[in-house]
Structures are given as structure tokens and as C-alpha cells.
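One letter stands for each residue in the lines below.
Protein chains: 2
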Amino acid sequence: MKVLIVEDDQFHASYLEDALVEAVPEVTQIFHAMNGEEGEKEARTAQIEAIVMDLQMEKRNGIEAARTIWAERPQTRILFWSNYADEAYLRGIASTVPEDSAYGYLLKTASRDRLKLALRAVLLEEQIVVDREVRRLQKRASSPRNALDDSEYEVLLDLAIGLQDKLIAERRGMSLRTVQNRLLSLYDKLGVEGDADTTLPLNKRVRALNRALVTRTINIESLESAQRDFERWLARRH
Amino acid sequence: MKVLIVEDDQFHASYLEDALVEAVPEVTQIFHAMNGEEGEKEARTAQIEAIVMDLQMEKRNGIEAARTIWAERPQTRILFWSNYADEAYLRGIASTVPEDSAYGYLLKTASRDRLKLALRAVLLEEQIVVDREVRRLQKRASSPRNALDDSEYEVLLDLAIGLQDKLIAERRGMSLRTVQNRLLSLYDKLGVEGDADTTLPLNKRVRALNRALVTRTINIESLESAQRDFERWLARRH
DNA sequence: AGATCATTTGCGGGTTCCCGCAAGAGGACT
DNA sequence: AGTCCTCTTGCGGGAACCCGCAAATGATCT
Numbered sequence: 591m592k593v594l595i596v597e598d599d600q601f602h603a604s605y606l607e608d609a610l611v612e613a614v615p616e617v618t619q620i621f622h623a624m625n626g627e628e629g630e631k632e633a634r635t636a637q638i639e640a641i642v643m644d645l646q647m648e649k650r651n652g653i654e655a656a657r658t659i660w661a662e663r664p665q666t667r668i669l670f671w672s673n674y675a676d677e678a679y680l681r682g683i684a685s686t687v688p689e690d691s692a693y694g695y696l697l698k699t700a701s702r703d704r705l706k707l708a709l710r711a712v713l714l715e716e717q718i719v720v721d722r723e724v725r726r727l728q729k730r731a732s733s734p735r736n737a738l739d740d741s742e743y744e745v746l747l748d749l750a751i752g753l754q755d756k757l758i759a760e761r762r763g764m765s766l767r768t769v770q771n772r773l774l775s776l777y778d779k780l781g782v783e784g785d786a787d788t789t790l791p792l793n794k795r796v797r798a799l800n801r802a803l804v805t806r807t808i809n810i811e812s813l814e815s816a817q818r819d820f821e822r823w824l825a826r827r828h
Numbered sequence: 591m592k593v594l595i596v597e598d599d600q601f602h603a604s605y606l607e608d609a610l611v612e613a614v615p616e617v618t619q620i621f622h623a624m625n626g627e628e629g630e631k632e633a634r635t636a637q638i639e640a641i642v643m644d645l646q647m648e649k650r651n652g653i654e655a656a657r658t659i660w661a662e663r664p665q666t667r668i669l670f671w672s673n674y675a676d677e678a679y680l681r682g683i684a685s686t687v688p689e690d691s692a693y694g695y696l697l698k699t700a701s702r703d704r705l706k707l708a709l710r711a712v713l714l715e716e717q718i719v720v721d722r723e724v725r726r727l728q729k730r731a732s733s734p735r736n737a738l739d740d741s742e743y744e745v746l747l748d749l750a751i752g753l754q755d756k757l758i759a760e761r762r763g764m765s766l767r768t769v770q771n772r773l774l775s776l777y778d779k780l781g782v783e784g785d786a787d788t789t790l791p792l793n794k795r796v797r798a799l800n801r802a803l804v805t806r807t808i809n810i811e812s813l814e815s816a817q818r819d820f821e822r823w824l825a826r827r828h
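As you go down the protein sequences, you meet chains X and W in turn. Quick note on our numbering: the first sequence kicks off at 591 and runs consecutively. Quick note on our numbering: the second sequence kicks off at 591 and runs consecutively.
Errors might be hidden in some of the hints.
[Claimed, not checked] Below, in silico cross-link-like pairs of lysine to aspartate or glutamate (EDC-like), each with a Cα-Cα straight-line distance of 16 Å or less: (1) K592(X) / E607(X); (2) K592(X) / D608(X); (3) K698(W) / E648(X); (4) K698(X) / E648(W); (5) K649(X) / E628(X); (6) K794(W) / D778(W); (7) K698(X) / D598(W); (8) K779(W) / D739(W); (9) K779(W) / E742(W); (10) K706(X) / E716(X); (11) K794(X) / D755(W); (12) K794(W) / D755(X); (13) K698(W) / D598(X); (14) K592(X) / E715(X).
Simulated from the structure, these hints should not be mistaken for laboratory data. It should be emphasised that the depicted structure is a prediction, and the values quoted were computed from it without experimental measurement.
With the sequences and hints as input, model every part of the structure.
Next comes the structure, spelled out in C-alpha cells:
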């Protein structure tokens, strides 16, 4: 079996390779890539069907790479191996994984044994494996209290790249007032009002972005990709 | 010589330990800590005088730890070994390093040889070593074009945690209009206006925070520590 | 002191934002 | 159909923000 490792940190890459050959002796060949772009190419030319990939990389992150790889060969098994359990990544993955593809999401803090187990389960058995920590976050994100639904999340991203209400309304096809309603519920769910103490006057817009970042609802990468999305939309609009 | 390694990633820690014993055979004992808080304690109880430390850590980051360590024993040599070359970190270090302490700032992407060289230079020879990449950023930050002076940087942090103009004015002891002048120059230097293309209407405040994050002028950690600073100030004000 | 240049500050007005209120609009259930 | 509920939308007003203009203040140099 051919396996592709996409990881920009050399230490982590070699650790991963060690664990891989231990856990999955069926492996015959191991390919390496330093970022998502290389990873896509490698996967295409070498006809790879099993991948272990970091999420956070320079040129093109793991989620974007996964999207194109799955678009070409949906049966590819991908184990994401990441430092963070940000909600932004979770949403990214949830929105790209095809119906019946095998994938896994493991944190780098996981023990070697858990890693080896996940490697076998995903790459070989085509199961779905999600790390405990990550699962916990998924839960919290889908609990009614602080859950952002998709339309709120969209507006959050638009806010985060600095759009004003009117533009958001146009882009998302809602009325101005509806956008503002979304913002109100965002302010509420993100805890923009100083939770307990004296409510001193804040700039809610900026505060919302601040809270979203600090609570790891979004991360800087999602700012960058939201910006790209927006520019694409802008070019398309007449 | 006793050396303390403060690093929360196990792979990196062991790689570092290897390089350390190779580069500095004078080392007799190596201590480990997983975060800044532990690092401070360890340094105190073991009377450590040479430290290699990551910057980004859970409990207490490297800069804060360095501050207290240097406050206790300014002659301590510290080599910062970090993933990022964020301006936020640079400012942090520049503002904490005592007059004649030896320190270094190296990126984790540096080669093993550069790491070994820096280890000897800083821990043993008490020189000051700053990575090429980092130096480049330092340069750019102090070039007239995009340089934020300290007072602009302060206002940026206040903006970033969501304060409104009036509060910033009070906190920093300037008039309302002066705060707004600072904001204007921030908008300018951060490139809030869509650099070249059609200037479409943006929320400048949010956009400024966005740009500051994307250009690595500040990072999420600095948001968190700015928030703590603000709360301390808030408690003190009558 | 006097001249020059940068920074600070107040004023005023045009926008954008925040949000209460109340009138639609679209289900879902009886 | 009728009732109940939730979500959307328009209106309107007060607050915050952006920023041009010009006077006041300060620092530096001759």
C-alpha cells in the first residue's frame, strides 16, 4: 500500500513515518509532501489512496487539499493530524467530506498508541475516527447554547473580513435588518457583553471578532480563506 | 552547566535535547518544563542560568515567563526557539529583555547546525543571536513605511479588545480626537483601504484588526494578554 | 525671541451601527 | 380555517464612528 504524508514540520513527519511503519506493515511505499499543493499533485500522480495530513500548512491548508483530492478520488482515506481542535477546522472538514469517505481527525497530543490505532482504522479499515478532544468540541458546538448555525457562521466570516451590513446583505441575499438580527444573535452567543461584570461600552463588532478568535470559533486561516472566497464572489457579481 | 528546556511539544523537546548535548558538552544536567509557569518554578528552585524556551505555550507563554525569570536573575541566558516570527512576539521580547542580558531568538525552521551554533553562542558565550528571518521582520517593522510606533500599537491593542474611542482616550490619557488620529494612521499603515482595487465600503475598525492579524502584527495570544492588562487597569482605576 | 514644522484638540456633519417596535410571512398543529 | 410560533422586514432614533478644517500647543533651530 502506498501512503502519502503531508506535513511541513520535519520532526513531526519523521515521527509519523515511524509510527506508520510500525502500525501498518502493509505499507510498501511512503511519499512526502510539505504542503497542501504538493500533496494534491503527489496524490494525483502517484494514485495515492491513503493519506495522513496536517491541517495547518503554509501554501494550502489540509482542508482545501482534501477537497480537491476527494473531488478526484472520493474513496481516498485521509487521516487529519493536527495541533488544534479549532471549530473552524471542524466546520471545514464537516463541509467537505463526501458521503462515504473514510477519514479521521486526531490531535498531535494523542499518544503514540492512539495514533497507531487511528492509522490502522482509517487507512486500512476505512473507518471513521474522531479524537476524544475533538469530539468534545463538536458536541459543544452543536449544543443549543453557543451553537452558531450555518447562516450565522457565514455572517460572522463576513463581519470578520470587515464587510459592512449592507454588503453582507447583498452577498447573502438577505435584508439589511436580517443581517443585523444575525449580528445580534452572534453578539449574544459569542458573549460580547462582558459576561458578569459591569457592562462597559464596547465596540460590539470588533468584540465579536475578538471573542470568535479567542474561543477558537474561527482562526486566522479562516480569515484568509474567507477573504479569498469573498474576492471570488466579488469578481463574479455583475 | 545546568540547562532548562521549556517546551510543550514532546518531539521538539527531544530533538532539542539531542542538539543540546551535541553542541554543548559542558552540559551536566537538563531540566524540563512543559509551560511557562513550570519553567519559572524550575528555574527558581534549580538556580538555572541557561534556558531554551518555546514562545507559544498553554499556561503562560515564553515572554511572560522570561519577564519574571529575568526579574529574579537578570544574568540568565535565554534562547527563544519559536515557530513564528510574529511582530507581537518581537515587541514582547524587546520590551522585556534587561540591559545586558544574553538572549537569542531562533526559528524552529532553522537548520540543526544553526541551532547548535546559537545554543553555544547564547548559553555559553552570552552573546545575542537573532535569526535571519526574525531580523528581516524587525527591519521591516522599524522601517518608516509600516512602522507602528508604541502609542499606535497601544491603541491597536485597545481597539482589538473592543474598546470604544472614549474609553481608549481615558485609559491612555489622550483626547478623543487624538485617539481617532491614531486610528487614522493605523488604518493607513495596516492597509485597511483595499490596496489597489475598487474601494468598496468596509468597516474600518474590524478591518484593522483583521489586517493586523493577517500580517502577524498581533496574534491571538496578544489579544488575550491585552485583555488581562486591560482588566488590571480597570480594577485599579477609581 | 522668532520662525518653522509636527502634534493635539475641538467642532461639526455625514455615515454606519445598534436595536426596540410592530407589521408581515411562512410553517405546523388542531 | 384558525391559532400559535418563529423568522423576516421596514421604520426610526440615539449613539458611535470617520474625518475635514482650523485653531492651539509644543518642540526645534537659528
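> Given the proposed pairing of K794(W) with D778(W), does the C-alpha separation stay at or below 16 Å?
Replying inline: Given pair K794(W), D778(W) holds - Cα atoms ~10 Å apart, limit 16 Å.
> K706(X) and E716(X): Cα distance at most 16 Å?
Replying inline: Judged against 16 Å, a Cα distance of about 14 Å means the pair holds.
>> Tell me if the straight-line CA distance from K649(X) to E628(X) falls inside 16 Å.
In response: holds (9 Å)
>> For K592(X) and D608(X), compute the direct alpha-carbon distance and say whether it is at most 16 Å.
In response: Since the Cα atoms of K592(X) and D608(X) sit roughly 15 Å apart, the hinted pair holds (cutoff 16 Å).
> Is K698(W) within 16 Å of E648(X), Cα to Cα?
Replying inline: holds (15 Å)
> Hey, K779(W) versus E742(W), does the alpha-carbon distance stay inside 16 Å?
Replying inline: Measuring from Cα to Cα gives roughly 10 Å; hence the hint holds.
> Under the criterion that the straight-line Cα-Cα distance not exceed 16 Å, is the pair K592(X), E607(X) satisfied?
Replying inline: holds (12 Å)
> Is the straight-line distance between the alpha-carbon of K779(W) and that of D739(W) 16 Å or less?
Replying inline: holds (11 Å)
> CA of K794(W) to CA of D755(X), is that 16 Å or under?
Replying inline: holds (13 Å)
> Going straight from one Cα to the other, do K592(X) and E715(X) come out at no more than 16 Å?
Replying inline: Holds, at about 15 Å.
> Under the criterion that the straight-line Cα-Cα distance not exceed 16 Å, is the pair K698(X), D598(W) satisfied?
Replying inline: Status holds; Cα separation ~12 Å.
> Holds or violated: are the alpha carbons of K698(X) and E648(W) at most 16 Å from each other?
Replying inline: holds (15 Å)
Of the numbered hints given earlier, the model fails none.
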